[in-house]
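**Student:** Sequence:
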Amino acid sequence: MARSYEPHDIEVKWQSVWDAEGLYKVSEDPARPKKYVLEMFPYPSGDIHMGHVRNYSIGDVIARYWTMRGTNVLHPIGWDSFGLPAENAAIKSDSHPATWTYANIEKQAASFRRMGFSYDWDRRLASSDEEYYRWGQWIFIKFWERGLVERKSSPVNWCPSCMTVLANEQVIGDGVCWRCKSVVQKRELEQWYFKITEYAQELLDDLDELPGWPERVKAMQANWIGRSEGAEVDFKLCDASGEPTDETITVFTTRPDTLFGCSFFLLAPEHPLVARLVEGTEYAPSVNEVVAGAAKETAIDRSSTDKEKNGAFIGRCVVNPVNGEKVPVWVADYVLMEYGTGAVMAVPCGDQRDFEFARKYGLPIPPVVVPADDPLYEQLKDQTERVVTDVDWDVAHADEGIMVQSGQFTGTPTGKHGEGVTKVIAWLEERGQGHASINFRLRDWLISRQRYWGNPIPAIHCPSCGLVPVPEADLPVVLPADVDVTKGETLADHPEFYETTCPACGGAARRETDTMDTFTCSSWYYLRYCDARNDAAIWDKDKADYWMPVDQYIGGIEHAILHLLYSRFFTKVFRDMDLVDFAEPFTNLLTQGMVKLDGATMSKSRGNVVAPEDMIARYGADALRAYILFMAPPDKDLEWSQDGLDGMYRFLGRVWRYVTEVAEEPVSDSPATDAEPAKVLRRERHRVVGKVEDDIERFQFNTALSAMMELLNAATDYRRTVPEENRDVSLEREVATTLVLLLAPYVPHMAEELWREVLGVQTSVHRAEWPVWDPMAAAADEVEMAVQVNGKVRARLVVDAGASEDTVRELALALPKVAEHTEGLTVRKVLVVPRKLVSIVAN
RNA sequence: GCCCGGGUGGCGGAACAGGCAGACGCGUCGGUCUCAAAAACCGAUGAUGGAAACAUCGUGCGGGUUCGAUUCCCGCCCCGGGCACCA
Numbered sequence: 001m002a003r004s005y006e007p008h009d010i011e012v013k014w015q016s017v018w019d020a021e022g023l024y025k026v027s028e029d030p031a032r033p034k035k036y037v038l039e040m041f042p043y044p045s046g047d048i049h050m051g052h053v054r055n056y057s058i059g060d061v062i063a064r065y066w067t068m069r070g071t072n073v074l075h076p077i078g079w080d081s082f083g084l085p086a087e088n089a090a091i092k093s094d095s096h097p098a099t100w101t102y103a104n105i106e107k108q109a110a111s112f113r114r115m116g117f118s119y120d121w122d123r124r125l126a127s128s129d130e131e132y133y134r135w136g137q138w139i140f141i142k143f144w145e146r147g148l149v150e151r152k153s154s155p156v157n158w159c160p161s162c163m164t165v166l167a168n169e170q171v172i173g174d175g176v177c178w179r180c181k182s183v184v185q186k187r188e189l190e191q192w193y194f195k196i197t198e199y200a201q202e203l204l205d206d207l208d209e210l211p212g213w214p215e216r217v218k219a220m221q222a223n224w225i226g227r228s229e230g231a232e233v234d235f236k237l238c239d240a241s242g243e244p245t246d247e248t249i250t251v252f253t254t255r256p257d258t259l260f261g262c263s264f265f266l267l268a269p270e271h272p273l274v275a276r277l278v279e280g281t282e283y284a285p286s287v288n289e290v291v292a293g294a295a296k297e298t299a300i301d302r303s304s305t306d307k308e309k310n311g312a313f314i315g316r317c318v319v320n321p322v323n324g325e326k327v328p329v330w331v332a333d334y335v336l337m338e339y340g341t342g343a344v345m346a347v348p349c350g351d352q353r354d355f356e357f358a359r360k361y362g363l364p365i366p367p368v369v370v371p372a373d374d375p376l377y378e379q380l381k382d383q384t385e386r387v388v389t390d391v392d393w394d395v396a397h398a399d400e401g402i403m404v405q406s407g408q409f410t411g412t413p414t415g416k417h418g419e420g421v422t423k424v425i426a427w428l429e430e431r432g433q434g435h436a437s438i439n440f441r442l443r444d445w446l447i448s449r450q451r452y453w454g455n456p457i458p459a460i461h462c463p464s465c466g467l468v469p470v471p472e473a474d475l476p477v478v479l480p481a482d483v484d485v486t487k488g489e490t491l492a493d494h495p496e497f498y499e500t501t502c503p504a505c506g507g508a509a510r511r512e513t514d515t516m517d518t519f520t521c522s523s524w525y526y527l528r529y530c531d532a533r534n535d536a537a538i539w540d541k542d543k544a545d546y547w548m549p550v551d552q553y554i555g556g557i558e559h560a561i562l563h564l565l566y567s568r569f570f571t572k573v574f575r576d577m578d579l580v581d582f583a584e585p586f587t588n589l590l591t592q593g594m595v596k597l598d599g600a601t602m603s604k605s606r607g608n609v610v611a612p613e614d615m616i617a618r619y620g621a622d623a624l625r626a627y628i629l630f631m632a633p634p635d636k637d638l639e640w641s642q643d644g645l646d647g648m649y650r651f652l653g654r655v656w657r658y659v660t661e662v663a664e665e666p667v668s669d670s671p672a673t674d675a676e677p678a679k680v681l682r683r684e685r686h687r688v689v690g691k692v693e694d695d696i697e698r699f700q701f702n703t704a705l706s707a708m709m710e711l712l713n714a715a716t717d718y719r720r721t722v723p724e725e726n727r728d729v730s731l732e733r734e735v736a737t738t739l740v741l742l743l744a745p746y747v748p749h750m751a752e753e754l755w756r757e758v759l760g761v762q763t764s765v766h767r768a769e770w771p772v773w774d775p776m777a778a779a780a781d782e783v784e785m786a787v788q789v790n791g792k793v794r795a796r797l798v799v800d801a802g803a804s805e806d807t808v809r810e811l812a813l814a815l816p817k818v819a820e821h822t823e824g825l826t827v828r829k830v831l832v833v834p835r836k837l838v839s840i841v842a843n
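The opening position of the first sequence corresponds to residue 1 in the working numbering, with each subsequent residue numbered one higher.
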């Protein structure tokens, strides 16, 4: 009597055997094609959750599949282990961030082993390890040498709960902190930046080089980078009496063709000119009120579109370069200091915001671009001078139209990318009053954090030399262990850390006490995996060039901008440093959906968590792995349901029974006498291998599994319907073997047990070759075709797969059902779709 | 407002290049086995009408192209996500 399927014993057993055999260790092998399969490394937050199970199961199937296809697969794991939650947890439990972090890493590592993931553990890393973060500091120094590091003062995002500044990318939704969801505040602070904006154009352009990325991620990045084409235009500032001075204010505009419609000029409340120009004038009180009002607003208020716009005249004018007209300068709270130059030429006829502002303050709205079907067009079509200064429109006209009241340009068709734009820019350039320009929404990456548990920024503030990098030879700047975060301490509270000497002049100096954003750690870990134990260099270039780029990257959509944009930036800088030979780190990206319960993301605070450990305890890791992949395609959100897991467990039990039964059957010499059912089963075997192959490569793990279920159904049908003495046992063996091989990436432990212990193979199923299939053998020799009359299926026809169209047509027309439905009608047309259907048109 | 997804049985989902809608699984119902139950196995299962054969309807809505549309085109509705006073 064969054993029944007992997942727990076999899973734990094989995990230790694989470890002992070093089954998943890999090294460079130029003779074989390589693949680098990588899942985003986890933050060691505690226990693993279903999202982890899903993410890492997807990667594991892909890694195991390609290994079986003869590919040299790198599949590493590590931890993104610096970061704020460790400090918060330490404060709560009165311990040290390191204690909490490393305990969690061990816990997660144990869970990953228990899930049977095929990692090369020798490459394991943690970003909080000194041997890792020292290279992060080295990167900082190298970026500095390349002019990509800057310390500057600007309005930054401050999270009052995390007590640190944040990068723009880390402020999400309605102006909240990505990690704790608190509303962030704006503060003017001096901080460290990586100049990611220097790569803005390339980061945008190279999205086109990533066909293996989801459109939506690329769209989000393009959106974030926010490239706008337009022009910079210089306006001369007038003095208090209205006479033009030599001082100019530059604006960025995407619509230089509307310059003739500029009837006022706007400055952001934070613009330095505002305070300077109104100081001591009669305009100061009203202007200051607007400035103060804007400063008080939270990020949420400020980004609200339907908020009423406020402004005040500052008492000065600027000269419109196209017509010499003097237009009043206002301060307006809807003008952003962070975008463009913080100054805007207002064209109320063509911009909805300016339109509203003009209406509120009674400013003129001269129409300069009108659609041909607007009554104004007839009136103004040859009008070069301004005669109309207001419109009866309800909204601004921002679309295409024809230029009017626009001097020599009158009559030119124009729009966002219209002829008018090009002409006006050329004219401005000729006269030295402006030039074509491109503006990005992307800001430089603020990387300094006022927190302890991070990578210390290797910089020294010297009173005489200024900012000095820590010399390469002095790296790493070790994060001291004796900082007590439970007392709210940071590095800035530890003189023994920050008191130092200047490496340049030797005088007393102060070490930087900010640490780096954790996203700097995760921007290059995938490269370190290629050569994780190297202590002489960040990585060996040959090794990196062998394994990289990552062929398949798998992770959550929440990093669509953050981690994925930063990593692309790092890679481009590494390329410029000649550390790598490629410009994009991740060739193919799969963003997996969330695992939900009752329609909501599982979370401890919500109390709707299904613990993977509980599922493993009941069903084993194999059933859990297979089930989470079977539930839905990987990129879709899925709703957790317990019942389906029972079904998967049942399926594995049926596979187990089938394989063990077949394995016990003696292989007799008696020839199979029941040819047709055997033929069907053999055909099914070939078809399913092909289908599973195709499905895995398209990440359709759910349909791959259902194909395996179909094969098992066919196999057990055969066993049930064909009398024992007529069964082709060698065929059944082949089917059983095939099933085990197909299942190996999904249920590695059960497959291994069946392979080695039941089928008696000496070597691991995970080193076995993927089964071969023959498309000819997978094709049926008879096919059932549907016969339609006027678009409705009226009959079915079983014909030889190779039957000619004429034969099929004749057979179809001869069917009684067809005669019935064409009675009294004339057959006009008969279409034959080979092997699919016959369509008869009659009327 | 702009940009991406998505809408198919009771449920998760399938249909890859315009060709039999609902594979596979869950659930439900019926059956076999059993003293009984569980497990396991077998069968049925989109809706409506019909004893059945069968017929009609059916992939968010309305049009269109086509012999034929879940699939392509046009116009909408709803849900999810991203961006948004970006000049």
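Hint data in this document are derived by calculation from the structure and do not stem from the laboratory. Beta carbons: idealized from backbone N, C-alpha and C, even for Gly. Treat the hints with caution; some may be incorrect.
[What the hints assert, rightly or not] 30 Å max Cα-Cα, derived DSSO-like pairs, lysine-lysine: (1) Lys92 to Lys186; (2) Lys307 to Lys186; (3) Lys296 to Lys186; (4) Lys487 to Lys107; (5) Lys34 to Lys543; (6) Lys34 to Lys218.
[What the hints assert, rightly or not] Computed beta-carbon distance windows for the label pairs: (7) Arg32 to Gly466: 21 to 31 Å; (8) Asn168 to Trp393: 30 to 40 Å; (9) Ala537 to Lys604: 33 to 43 Å; (10) Lys92 to Ala275: 26 to 36 Å; (11) Trp121 to Ile438: 26 to 36 Å; (12) Asp598 to Gly466: 37 to 47 Å.
**Student:** Honestly, which of those hints from before does the structure not fit?
**Tutor:** Violated: hints 7, 10, 11 and 12.
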